[in-house]
Amino acid sequence: MARTILPFGPQHPVLPEPLHLKLTIENETVVEALPTLGYVHRGLEKLCEIRDFNQMIQIVERVCGICSCLHALCYCEGVEQIMGVEVPRRAKYLRTIWGELHRMHSHLLWLGLFADAFGFESLFMQFWRIRERIMDIMEATCGNRVVVSVNVIGGVRRDLSPEQCQWIEEQLAISEKELKQLSDTILSDYTVKKRTVGVGVLTKEQAYQLGAAGPTLRGSGWAQDVRQTGYAAFGELGFEPIVEYGCDSYARSAVRFRETLQSIDLVRLAIARMPAGETAADVAGAMEDDTPKPVSAGERRDIMQAYNRDKRHRFVTAPPPNLDLPAGHVAAKVKGKPDGEAVTRVEQPRGELLYYIKGNGSKNMERVRIRTPTFANIPPLLAMLPGCELADVPVIVLSIDPCISCTER
Amino acid sequence: MFGNMINKGRIKSPWVVHFDCGSCNGCDIEVLACLTPIYDIERFGIINVGNPKHADVLLVTGTVNQRNKHVLKNIYDQMPGPKAVIAIGACGCTGGVFREAYNVVGGVDKVIPVDVYVPGCPARPEAIIDGVVAALEKVKTLLGMTA
Amino acid sequence: MLETLPLSLDAVRDVAKECFDDGWRLVTMSANQIDDAHFDVIYHYDKDLTMKHYRLTVPKETVVPSISPVYFAALLVENEIRDQFGICFSDIVLDFGGALYLEEEVRAMPFCKVSVAQKQS
Amino acid sequence: MFNMTKNVVTNLLTKSSTRLYPIAVRGHFEGFRGTLVCNVDECIFCRSCMIKCPSQCITVDNKAGTWACDAMACVYCGVCVDVCPTSCLSMTKEHRPVATEHQTIFLQGVPKKKKKDEAAAE
Amino acid sequence: MIAKIIIAILALVLAPIAGALISGVDRRVTAWLQSRYGPPILQPLYDVFKLLGKEPMVTNTWQALCAYVYVVGAALSVVLLFTGSDLLLIFFVLTVGAVFLVMGALASPSPYSQVGGQRELLQMLAYEPLLILVFAAIAMVTGSFKVSAVFELKHPMLYDIPLMFIVLGYALTIKLRKSPFDISACHHAHQELVRGVYTEYSGPYLAMIEIAHWYEVILVLGLCALFWSTSVVGMVVLVALTYLAEIIVDNVTARLTWRWMLRSAVGVGVVLTIVNMLWLYAQ
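Protein chains in written order, with our numbering: chain A, 1 to 409; chain B, 1001 to 1147; chain C, 2001 to 2121; chain D, 3001 to 3122; chain E, 4001 to 4283.
Since the hints were made in silico from the structure, they are not lab data. Owing to the predicted nature of the structure, the values given are computational and were not obtained by experimental measurement. Some clues are possibly wrong.
As the list claims (entries may be wrong) - In silico SDA-like pairs for lysine to any residue, Cα to Cα no more than 20 Å straight-line:
| hint | chain 1 | residue 1 | chain 2 | residue 2 |
| --- | --- | --- | --- | --- |
| 1 | D | Lys3015 | E | Ala4139 |
| 2 | A | Lys177 | D | Val3009 |
| 3 | D | Lys3006 | E | Ile4248 |
| 4 | B | Lys1012 | E | Pro4204 |
| 5 | B | Lys1069 | A | Thr36 |
| 6 | A | Lys335 | D | Ser3048 |
| 7 | E | Lys4004 | E | Phe4145 |
| 8 | A | Lys193 | E | Arg4263 |
| 9 | B | Lys1140 | B | Asn1004 |
| 10 | A | Lys204 | A | Lys180 |
| 11 | B | Lys1138 | D | Gln3103 |
| 12 | D | Lys3015 | D | Glu3030 |
| 13 | D | Lys3015 | E | Arg4028 |
| 14 | D | Lys3006 | E | Ala4245 |
| 15 | D | Lys3015 | E | Leu4244 |
| 16 | A | Lys46 | C | Ser2008 |
| 17 | C | Lys2047 | A | Glu205 |
| 18 | B | Lys1012 | E | Leu4052 |
| 19 | A | Lys180 | A | Glu169 |
| 20 | D | Lys3052 | B | Arg1099 |
| 21 | C | Lys2017 | A | Lys193 |
| 22 | B | Lys1012 | E | Phe4145 |
| 23 | B | Lys1012 | E | Leu4042 |
| 24 | D | Lys3052 | A | Lys193 |
| 25 | C | Lys2047 | A | Tyr231 |
| 26 | B | Lys1073 | E | Met4057 |
| 27 | A | Lys204 | C | Asp2048 |
| 28 | A | Lys177 | D | Thr3005 |
| 29 | D | Lys3052 | A | Asp52 |
| 30 | B | Lys1008 | E | Leu4244 |
| 31 | A | Lys46 | C | Asp2048 |
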């Protein structure tokens, strides 16, 4: 067979997003892969010059609809760092909860798409069915399914009532049960393993040198997760990263699957430990706060044991439960203008997200630079593709969880 | 009689092709969520075919930018008639928050004619279903069918 | 605030090599225009979740040596900076020639405030 | 090999989890940020919403007393509702219906006269 | 003779209708297995009528011809089956049709279509030896390649050659484009080749291919029915169970690569055939 050039994308059913790969194939084996970017480039970093620094929160949330909450979190932490604001502890916990819910919905989405990439449609459907539960939690607590808009400079816009917390726990218990039923399939089914094990190998050294981030890095045996630095409330939750040593697509999917379960635990832990108090600080001076204690192993176990309950796990068309909304939230009053530079990092579902923010004392930021995890994961992808079979291309491309709208902004 | 059957088929089987035209993924995942068990738009005979040559309805999410406007035009031209275009989300309708960014052309209607606008940021799956239903209503009136 | 280490133009690649050998990971680079004729390029390195930042200040139209032969991962970000600020890098592994994101009609280095100001006047 | 079998057979034997929208409408949760509505009689045309809107889709003219919103460009973030001093802006639970053309909400109210003008009128 | 012509005409008319209904049920059951509500049973008919009403768009006229030959081939093989003709002839006609489908796909410049065509050829390479083995086994039991000879048997063929039924099931999975062997094209678009061999066919020609697929469904199910030729109820039950098993397998497996398909198809086919033949001789 002669060499064929196969345009992979920009409109392709495997990828919901327009990534264009020019694949040179020979006998269904990929010889070379060249990316073309720019189909989603909007230039929104430039918008910081015409929108004020508060409006930028809504704009950076729309860098990527899947991990919007974490973009806003990272941006807000940066501005807070510049302006010297101490966020109330309750707000930190709420940020953690919504951040982890985002990670869960993103991972479930990815697991579904990944199943779809190797032609396992019913698995795709099941993962997305579980994901709808998380979307419901998001809608009930934040007011929107995807772009939640909860983070503001100085805290969060919404609070959780005790009734909502209890309902979230119930929903999570059901999701966990459903998810564990699927673990057999995604982690040990013969046909699934046939398609993922040994596909898209990225060795430990390669992963580090090519600057991989997130599950791609952790799937190659590096225990590196920005949550270890303890931003938001992670410092108090006793977080430990999940690592797999397989270095292939299977290891990356296993990392994501286990992280989803871990996120459920983290949300429970955060709800159980969430202190009472304000949800937003006025941005002018620093708050005084008692030093928090990290979670102990015993406490963690006690909290976890409370969740072995059995619940019906079917959706009904009945109206959504009428949950008490928290009584009136206090929006932060922002006075002053950011002046200075900051670099902040958070762990997005896809990996490490970096914001470089520079303010110049006016209401507009001078520069907002966003380095997203997929941007870092494209060089490893280019290293993985040559030599693989055409049938494995979707699996490999998806195994880094590409988010092109993040990459190009 | 045969013509009637064809028209009925047109209403009952709108195959969609989805093109992400520079959206933030929010609307895309809601389009995909429509295919999944909770919303299941296959009830209406809708399949996401992924090939413009087979499709009847083009779902466009996101703002049009300088590079993908050619792709969008190309996909639209590849679709055999009769066809409908649905712009999804604030970005697809007008450009949304990004309409002042330097690489953004604006809404989908700057490049191809749009039949239905689905507002929302992101548009809910219910709204997307409404959008497809509205597009079918439009097709019905075009075909001279009475509901 | 942000603590940065100074970096000179000649040392760019040497420092990169040194960091590479020491096991630092290149996170990314950020460019920023500081005044009409000067740009900041900040190199962010990471090792075990601690970061260090090198700040390189260059006048306009300087050709910066590319570090992509050392860190392959730098190629995308260097192309991006070339797109947006017009700072050229020598010997990028895969050079998109200023067309990574932008089509012909908008190839005006959008982040250069000078060029924007010129367009408006 | 066929680890999924249990799951699919369970699905076959139980009711499907599909919500039959639009035949059966589930409704949205309390607090959902749906359609933006403006009670123009209460509006004092202070322009806070216009200034704060991240999408810059609201236009307020305090001389003519008009409040307009480009409904298609609105991103439903709820910032305007938060900043409105008179609570004349609110969001309903229902999502905005689809349209076949661009929609702009245009509301004409009575512009608030300044105290000085009122005194002069008397 | 007249009876045969009537049967032929009935088969020609009823087979696509029955095939469409079976596809509709297939889609509905698949939806149920995935916890969805599913499309109406008549959905395949709606699809085809809509496609017939679309603007024809072909890259070259050769492709249109190929679509026609594919339909004629599929229809003719069904007619031959129902008139009790020679199994080898049916096989030959079916193959000619399938080859024309691939030629049409290869005639277009689209790389997806090209790769899809190549894979379709590989699939044929996998299922055709299996079909031949099955036919040979049938001939060994009945002593003739005639379909009508099967109906003269006293007890169902399934007793004699149960393993060959599994081999036929293998070929069936490939022919019905079900997972794990939906590698060249499938009814869901989510895959690496968009829609593989179907990519370049559109509008009325795609409708044509869809109709040909219905004929093929009837043909392969008809072959299954031969294994319980003694009673109509037995046939229906056997076919229904086989089809249900196919749908379940479709939903519990991932798509595998063509290398695996070729290796396993030939391996399984040969091993099962040998075991079955030995057992047949031992009796």
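A quick look at each hint next to the structure:
1. D:Lys3015 - E:Ala4139: 46 Å, violated
2. A:Lys177 - D:Val3009: 17 Å, holds
3. D:Lys3006 - E:Ile4248: With Cα atoms ~10 Å apart, lysine 3006 of chain D and isoleucine 4248 of chain E stay inside 20 Å; holds.
4. B:Lys1012 - E:Pro4204: Since the Cα atoms of lysine 1012 of chain B and proline 4204 of chain E sit roughly 17 Å apart, the hinted pair holds (cutoff 20 Å).
5. B:Lys1069 - A:Thr36: Holds: lysine 1069 of chain B and threonine 36 of chain A sit about 15 Å apart, inside 20 Å.
6. A:Lys335 - D:Ser3048: 16 Å, holds
7. E:Lys4004 - E:Phe4145: It holds: about 18 Å lies between the C-alpha atoms, which stays within 20 Å.
8. A:Lys193 - E:Arg4263: 17 Å, holds
9. B:Lys1140 - B:Asn1004: 12 Å, holds
10. A:Lys204 - A:Lys180: 29 Å, violated
11. B:Lys1138 - D:Gln3103: 18 Å, holds
12. D:Lys3015 - D:Glu3030: 27 Å, violated
13. D:Lys3015 - E:Arg4028: 13 Å, holds
14. D:Lys3006 - E:Ala4245: 14 Å, holds
15. D:Lys3015 - E:Leu4244: 19 Å, holds
16. A:Lys46 - C:Ser2008: 28 Å, violated
17. C:Lys2047 - A:Glu205: 14 Å, holds
18. B:Lys1012 - E:Leu4052: 14 Å, holds
19. A:Lys180 - A:Glu169: Holds, at about 16 Å.
20. D:Lys3052 - B:Arg1099: Since the Cα atoms of lysine 3052 of chain D and arginine 1099 of chain B sit roughly 17 Å apart, the hinted pair holds (cutoff 20 Å).
21. C:Lys2017 - A:Lys193: 39 Å, violated
22. B:Lys1012 - E:Phe4145: 44 Å, violated
23. B:Lys1012 - E:Leu4042: 10 Å, holds
24. D:Lys3052 - A:Lys193: 52 Å, violated
25. C:Lys2047 - A:Tyr231: At roughly 17 Å apart (the allowed maximum being 20 Å), tyrosine 231 of chain A and lysine 2047 of chain C satisfy the hint.
26. B:Lys1073 - E:Met4057: Given pair lysine 1073 of chain B, methionine 4057 of chain E holds - Cα atoms ~17 Å apart, limit 20 Å.
27. A:Lys204 - C:Asp2048: 15 Å, holds
28. A:Lys177 - D:Thr3005: The given pair, whose Cα atoms are some 17 Å apart, holds under the 20 Å limit.
29. D:Lys3052 - A:Asp52: Holds - the C-alpha atoms of aspartate 52 of chain A and lysine 3052 of chain D are around 9 Å apart, at most 20 Å.
30. B:Lys1008 - E:Leu4244: Since the Cα atoms of lysine 1008 of chain B and leucine 4244 of chain E sit roughly 30 Å apart, the hinted pair is violated (cutoff 20 Å).
31. A:Lys46 - C:Asp2048: 32 Å, violated
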